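**Q** Residues per chain, in single letters:
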Amino acid sequence: MEGFEFIIDREVAMVSQTIRSMLTSPGGFSESKDGVVTFPDISTTILEKICQYFYWSLQYSRGKETEFHIEPELTLELMMAANYLHT
Amino acid sequence: MTMLRSREISSASGKPRPKRQSSDIIQPSTPARKQEPGAHSLDGSSPPTNTFRRRSPCLESLNGFTDKEVSISVCSKRKSNVGERFLSLRSGKKVAKRCDGIEASGSEIDTRKSDVDLGSEGKKVCVDLVEEETNIVSKELDNSGDNALVRRIVNEEKGKTVMDEVEDSCQVKDVEMKCVEGCEKLSSSVSRRKYTREEKAKGIQVVNLSPPITRVGVEEMEIDNSIDIQNPPEASVTESAVNDALNQNGNGSRNQHFRDFAEKNASRFARFDAEMEEEEELSDEEVEQQVEDWPGPFSTAMKIMKDREENTILHDGIPFSSDIERTSPIIWAPRRSDSFTSPPRAPSLQELSMRVLVKNADAITSLDYVPDALRVKLCQLLCDSRRMDVHFLDLLVRGSPTGICVPDCSWLTEEQFTQCFNNCDTSNLMVLQLDQCGRCMPDYVLPSTLARSPKNLPMLSSLSLSGACRLSDVGLRALVSVAPAITSINLSQCSLLTSSSIDMLSDSLGSVLRELYLNECQSIDLNLILTALKKFEKLEVLSLVDLPSVRGRLLREFVTARGEALKQLILTYSVKLTDSSVKDISENCPNLSVLDLANVCKLTDCSLGYLANGCQALEKLIFCRNSFSDEAVAAFVETSGGSLVELSLNNVKKVGHNTALALAKLSEKLQILDVSWCRDMSDNALGYIVDSCSSLKVLKVFGCTQITDAFVRGHSNPNVKILGLKMDPFLDQLTKNLADS
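So the sequences go chain by chain: A and B.
Going by my numbering, the residue at position 22 of the first sequence is 22; the numbering climbs one at a time, nothing skipped.
Going by my numbering, the residue at position 268 of the second sequence is 268; the numbering climbs one at a time, nothing skipped.
So that you can see chain A by itself, here it is in the shape it has in the complex (with noise of 0.2 Å):
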């Protein structure tokens, strides 16, 4: 969804497969340069949902070991924007 935008931690960013190898090839694309990635197809609330993800496993491995709650209507979507960012 056009116009959201989210801020986070660029190693909070990386649990990410795909968003780190955007942010970290080679190449001098305007992702690694401008720390900036865009998904046309996420929506928001996904996108917003996978953010959180990203923190929720950064603590996880840092010993905070507690459980991610998935709004059921989000699982299917999610899922596959997950598959997506190889995360």
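Simulated from the structure, these hints should not be mistaken for laboratory data.
One or more hints might be untrue.
Claimed, not checked - Residues of chain A clear of chain B, computed beta-carbon distances all greater than 10 Å:
| # | residue |
| --- | --- |
| 1 | E5 |
| 2 | F6 |
| 3 | D9 |
| 4 | P26 |
| 5 | G28 |
| 6 | K33 |
| 7 | D34 |
| 8 | V36 |
| 9 | T38 |
| 10 | E48 |
Said to hold, decoys possible - Pairs of lysine to any residue, SDA-like flavour, derived with a Cα cap of 25 Å:
| # | chain 1 | residue 1 | chain 2 | residue 2 |
| --- | --- | --- | --- | --- |
| 11 | B | K721 | A | Q59 |
| 12 | B | K359 | A | Q52 |
| 13 | B | K359 | A | F68 |
| 14 | B | K721 | A | S61 |
| 15 | B | K359 | A | E65 |
| 16 | B | K620 | B | S648 |
| 17 | B | K359 | A | E77 |
| 18 | B | K721 | A | Y60 |
| 19 | B | K697 | A | L58 |
| 20 | B | K721 | A | T66 |
| 21 | B | K576 | B | S499 |
| 22 | B | K697 | A | M14 |
| 23 | A | K64 | B | N719 |
| 24 | B | K359 | A | Y60 |
| 25 | B | K359 | A | N83 |
| 26 | B | K669 | B | V594 |
| 27 | B | K697 | A | Q17 |
| 28 | B | K535 | B | P590 |
| 29 | B | K669 | A | Q17 |
| 30 | B | K359 | A | Y84 |
| 31 | B | K721 | A | G63 |
| 32 | B | K538 | B | D525 |
| 33 | B | K455 | B | S472 |
| 34 | B | K359 | A | H86 |
| 35 | B | K697 | A | R62 |
| 36 | B | K567 | B | M430 |
| 37 | B | K359 | A | M80 |
| 38 | B | K359 | A | W56 |
| 39 | B | K665 | B | S716 |
| 40 | B | K359 | A | L47 |
The structure displayed is predicted, hence computed values, not measured ones.
Backbone N, C-alpha and C define an ideal beta-carbon position, used for all residues, glycine too.
Please arrange chain B on chain A, whose structure you already have, making use of the hints.
**A** Below, chain B without anything else, positioned relative to chain A:
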């Protein structure tokens, strides 16, 4: 004949004598020394030789046979020393056990003789013809040389010498009965036998042996000194050389002496004969095969390993015990600190969302835009948790799907099936998997559903109907007639199918089919489908699990015809196959990358040899309950295991440290390793493997009760998943493809 030999020596003894004595002086501290038999030498040198034993006379002068003195008389004196190291032969002679640095009496002789015998440096057990030697020697001082020579020769022939420092020439030619000199009749039989043993013996002589054995006598020089044991002619060369020399010799009395001696000892040799002959008969086939096959890297590797083993064994002086640590050369220390444990990895979002989806599958209203891969995974999870139902199947079938994969259709009824597939648009369907559909797929439902129109499945390339136990030849024909492009068909456990189905398949799909799975199709007789099988031009995968009709001859026919293109051959439970089948496979299937020989119990180490020499591209190799030896598996891995990605040694009980070493050395690509029930794999061995195989992802150790925390917590490979430890859950790991997890 001995006479000849003795002549040689005596003539030669003139020259070397001075040298000999100097060498006596020079090396007083070395143990056994060889002395040239000769009256003088014996007299003069007996005492020194008795006390000193040269370690490796051969080393001193590689080719200076004349320099070497063969001491024969030392026997009695040395008896005590070597007593414990000698085994008693039936004949009452003592045979020296192999031990480094030990030269039993006549060992030097043996070492030298060993060359003569076959140019083989083998381990030679020194036959310590103690009393007799000395007696004879002392009795006949004049001809002592001769006798000594005979004796020596006898010794050498009979004995395996220990080439101590020299890397043991691993050819275990047990008793070298090659009485080249003397004992003519015996010698011929013996040498003949020797050869077959040589031939049988795995492989060429260890090349790393520098020809350490010095030659005794001219005839020895003439004899091929090379490390080429596979030369039967050698014996004859030797013999002829000897004979020539003999003829030159005019000393009839010596000849007579030797003859007497030979006759005296004939019976003793005869006993050995029986022993060896027995063994020969048993391995006749092996012999033939060995003779045919030029020994390659596999046999060399095996040889090296075997000798290494025996080296260790004899060095310790005790037989191989179950204490693997003791003989294991692996040094691996578990890491001390915990600094390396990987942090807990959060489950992926995809996984999390799938879990939720599976729980709420009935709430899903559409699977549009969901890629096939995700659909497949979802299906799998649903089937596993028994939540798969018609509703979801409807979702899958909706639209114009490209893939419908339901790994478990046991819940599906005939009516449901008919309803679902009645109007299913299958024009784009490429993959159809309806496993365990026995309940819902009798013949009569097909014409109204999947086979309802002549071009109903035009794009179908992969069809899996395993477990379709109500499907008969008629139904299959109906289905295949509407799907002309099938490249992979799985008809496992379709018990009603007969050979006419395969005929039909070969007629319709002969030019396109690449994969054929006929596991457990009880009504299909390989005999009858052989012709049909040969018609498949592009067959790459053939799976014949648990088909009793799979026999060596049939397999041979098939692989000779179509082996070139074969990439995967699954022959689990084909219990009638033997080594010759593996030979056929290795000769005809150079591109084989997956081979499954689990539970083919009749295979022996030869199979590994054939595979090593033939199939160089193996990536997945499954063994289970095959009785291979540790050395054979290790040799196989060393010679052609470099491309292995998945290896199963489940219940190949003898694997141990040799295999571990080989795996660690050469398997960078190895990802999945199964050593379940291999109780000889110690913590050290496994730790070594796991730390060295950087790509290893899964290690299965079911039944390996010998593993301790030292390995489990002490290894340094962050990626490996260890399955099968006591009390560890593993059911969730039983996915189709472990490497994916």
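**Q** Going by Cβ atoms, does K33(A) stay more than 10 Å from chain B at every point?
**A** About 27 Å separates K33(A) from the closest Cβ of chain B, which puts it past 10 Å; holds.
**Q** Given the hint that K455(B) pairs with S472(B), does the C-alpha gap stay at or below 25 Å?
**A** Holds. K455(B) to S472(B) sits at ~21 Å (cutoff 25 Å).
**Q** Decide, holds or violated, for the assertion that all CB atoms of chain B are farther than 10 Å from the CB of E48(A).
**A** Check passes; 13 Å lies beyond 10 Å.
**Q** What's the verdict on K721(B) and G63(A), does the C-alpha distance respect the 25 Å limit or exceed it?
**A** Holds. K721(B) to G63(A) sits at ~21 Å (cutoff 25 Å).
**Q** Within a Cα-Cα threshold of 25 Å, do K721(B) and T66(A) meet the stated pairing?
**A** 24 Å, holds
**Q** Holds or violated: K359(B) and Q52(A), Cα atoms, limit 25 Å.
**A** 22 Å, holds
**Q** Does K669(B) pair with Q17(A) here, judged by a C-alpha cut-off of 25 Å?
**A** With a Cα-Cα distance of about 24 Å, the restraint between K669(B) and Q17(A) holds, given a limit of 25 Å.
**Q** Taking 25 Å as the top limit, are the C-alpha atoms of K567(B) and M430(B) close enough?
**A** Roughly 22 Å separates the two Cα atoms, so the pair holds.
**Q** Report holds if the minimum CB distance from G28(A) to chain B is greater than 10 Å, and violated otherwise.
**A** 30 Å, holds
**Q** Using Cβ atoms and 10 Å as the threshold, tell me whether T38(A) really stays out of contact range of chain B.
**A** 19 Å, holds
**Q** Taking the closest pair, is the beta carbon of V36(A) still more than 10 Å from chain B?
**A** At about 22 Å from chain B, V36(A) clears the 10 Å cut-off, so the statement holds.
**Q** Between K721(B) and Y60(A), is the straight-line Cα distance small enough, at 25 Å or below?
**A** OK: K721(B) and Y60(A) at ~20 Å, within 25 Å.
Violation of the numbered hints given earlier is absent; every hint is satisfied by the structure.
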